[in-house]
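Chemist: Residues per chain are reported as follows:
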Amino acid sequence: MKKVSIRALAVVIRSKNAGPYELTFDLIFKDSATYQRVKKSGFFTPELFAELYRVPLADVISFVEFDPANAIKCTIRRPRAAGDVGETDVYGAQQHAPLLDLAVPIDAEVIP
Amino acid sequence: MEEFRVLSPTAILGYGFPLESFARGMEFKPHVIAVDAGSTDPGPYYLGAGVSFTDRQAVKRDLEIMLKAGLEQRIPVIVGSAGGAGADPHLEWCLEIVREIAREAKLHFRMASISAELEKSMLEEALADGRISVLEPGKPLTREELEASVHVVAQMGMEPFIRALEAGADVIIAGRSYDPAVFAALPVSKGFDPGLALHMGKILECAAIAASPGSGSDCMLGILKEAHFCVEPLHPARKCTTSSVAAHTLYEKTNPYLLPGPGGMLDLKDCRFFQETEYRVRVEGSRFIPAPKYTLKLEGAKQVGYRTLSIAGARDPVFIEQLDMIIAGVKERLADNFKDVAPSRYQLLFHIYGRDGVMGELEPTPQITSHEVGIIMEVVAETQELADTILSFARSTMLHYGYPGRISTAGNLAFPYSPSDLKTGPVYQFSVHHLLEVDDPVALFPITWECI
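Line by line, the protein sequences give chains A and B.
Letter by letter, the first sequence follows residues 1 to 112 in the numbering used here.
Letter by letter, the second sequence follows residues 1001 to 1452 in the numbering used here.
Just so you know, these hints were derived from the structure itself, not from any lab.
None of these values were measured; they are calculated from a predicted model.
All residues carry an ideal CB built from backbone N, CA and C; glycine is no exception.
Cross-link-like lysine to aspartate or glutamate pairs, in silico, EDC-like; alpha carbons within 16 angstroms at most:
1. B:K1068 - B:E1104
2. B:K1269 - A:E65
3. B:K1120 - B:E1144
4. A:K16 - B:D1041
5. A:K39 - A:D107
6. A:K3 - A:D101
7. A:K3 - A:D107
8. B:K1269 - A:D67
9. B:K1068 - B:E1100
10. B:K1225 - B:E1002
11. A:K16 - B:E1252
12. B:K1029 - B:E1002
13. B:K1190 - B:E1226
14. B:K1106 - B:E1064
15. B:K1139 - A:D59
16. B:K1225 - B:E1276
17. B:K1139 - A:D84
18. B:K1060 - B:E1104
If you want the footprint, here are the derived chain A segments under chain B, 3+ residues with CB under 8 angstroms:
19. 17-24
20. 56-64
21. 67-78
22. 84-95
All chains should be modelled from the sequences, with the hints used to inform the complete structure.
Modeler: Structural data, given as structure tokens:
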């Protein structure tokens, strides 16, 4: 097993509001083969997102592998509603950054 | 009718589009020009304050092109979520722009305006009757929150548009609307499948964002048939690919397989994407599943105070090292100085850019590693005067705060602006984000007619 930077595997890594109370993360992989390998690795889980964003697992609202788009999507409860006093990112568009430093352990033979 | 074509000029009315893309779209002889004008995404301020987040001049430019083209080819022009938030002041703002264009360009048409703002007395009754339910992960609605709300709107579905179209509207300007409704209403009224029409609307509502390269300020064409639909960008530099279109289905949603909307659910579990031509993507298998009870999504905002803020930077390493202690000291001095002001009447916040300014409590690495930090001091208080007073004291206290080891005794903060204190006025919060059960999907959305 070798760890491969997520930046070499994904073409889109983004965060955005899904309504005022939810923050959603999309990871879209560069092709179907890469996506299938990442999916098979089992690296992405609701637990990973909970740990990365330091939220309780109960705040991970959904975790979906969306084959038509070669995408993994996770939605968490926003710590504060969009635009609340003290909230820092109204669109939720800059909350993806911690995902960019991930390295996914996938089989060395199938490294893209 | 074998085929229904929809032109979506731009992701949000006022975001603009190239004239050549629009002209190319008109060459396809679309049956309707439709645009989504709004969102709750820019936050609660716009709904609460009754103002648009798009610029008037930019909205007028887009609308003028759409109206002239629509009237010339005798096809309807439909705008949903007028003025951004889609309450009555937003709707009226957009209608006034339409009237101005018509006056200046001597255009004549039958215009239907559809209000989406709801009476609070009706909502209070609905709440008492148990017809308002929570939308997870929000909290149940209380009577107090409802009463405190300035504007409450409901997202209308396709039905009010269909009614206005069947009554002969050339132009429809509607308040808050379910984003895909403006694109799907006319084809559905002509017998096309609602699942395909709504899914096509879901892609068209962001115009060319679903193309590659994507853009919110460029046009997209939707072609709806009996068992599938196609989308195609209208600028030669863009292409729709199966992945760009599928990826857009994910956008801003909790779950891409099940997308709830007025009166039912868009089910995309069996949805398939195919590359039809180099530029065009075909989509099959989208289904609409009507809900046993018709519900509408409500949105409301309430005022929570007034804001004053100050932006500063710090470059002194001794100061940066002790920042948290200094902030605690400033808060202590403030509380001591204004003992007669109840702490519940104001909130003082510090945003530290260079540490956790962007992510707040979600930040996994909350240590300062930079040689400089940006500091925003913010006060939200009951009145603008109190916000000004508290912010002014916090700002001057932090500027001159004596901390252990201080050797730079002239001042701790670098202000890029004079005046250093910015009054930003009323502050709002989302107060209603719930579901309302209705018997009739049209009854709450009155249509007003104008012959222009």
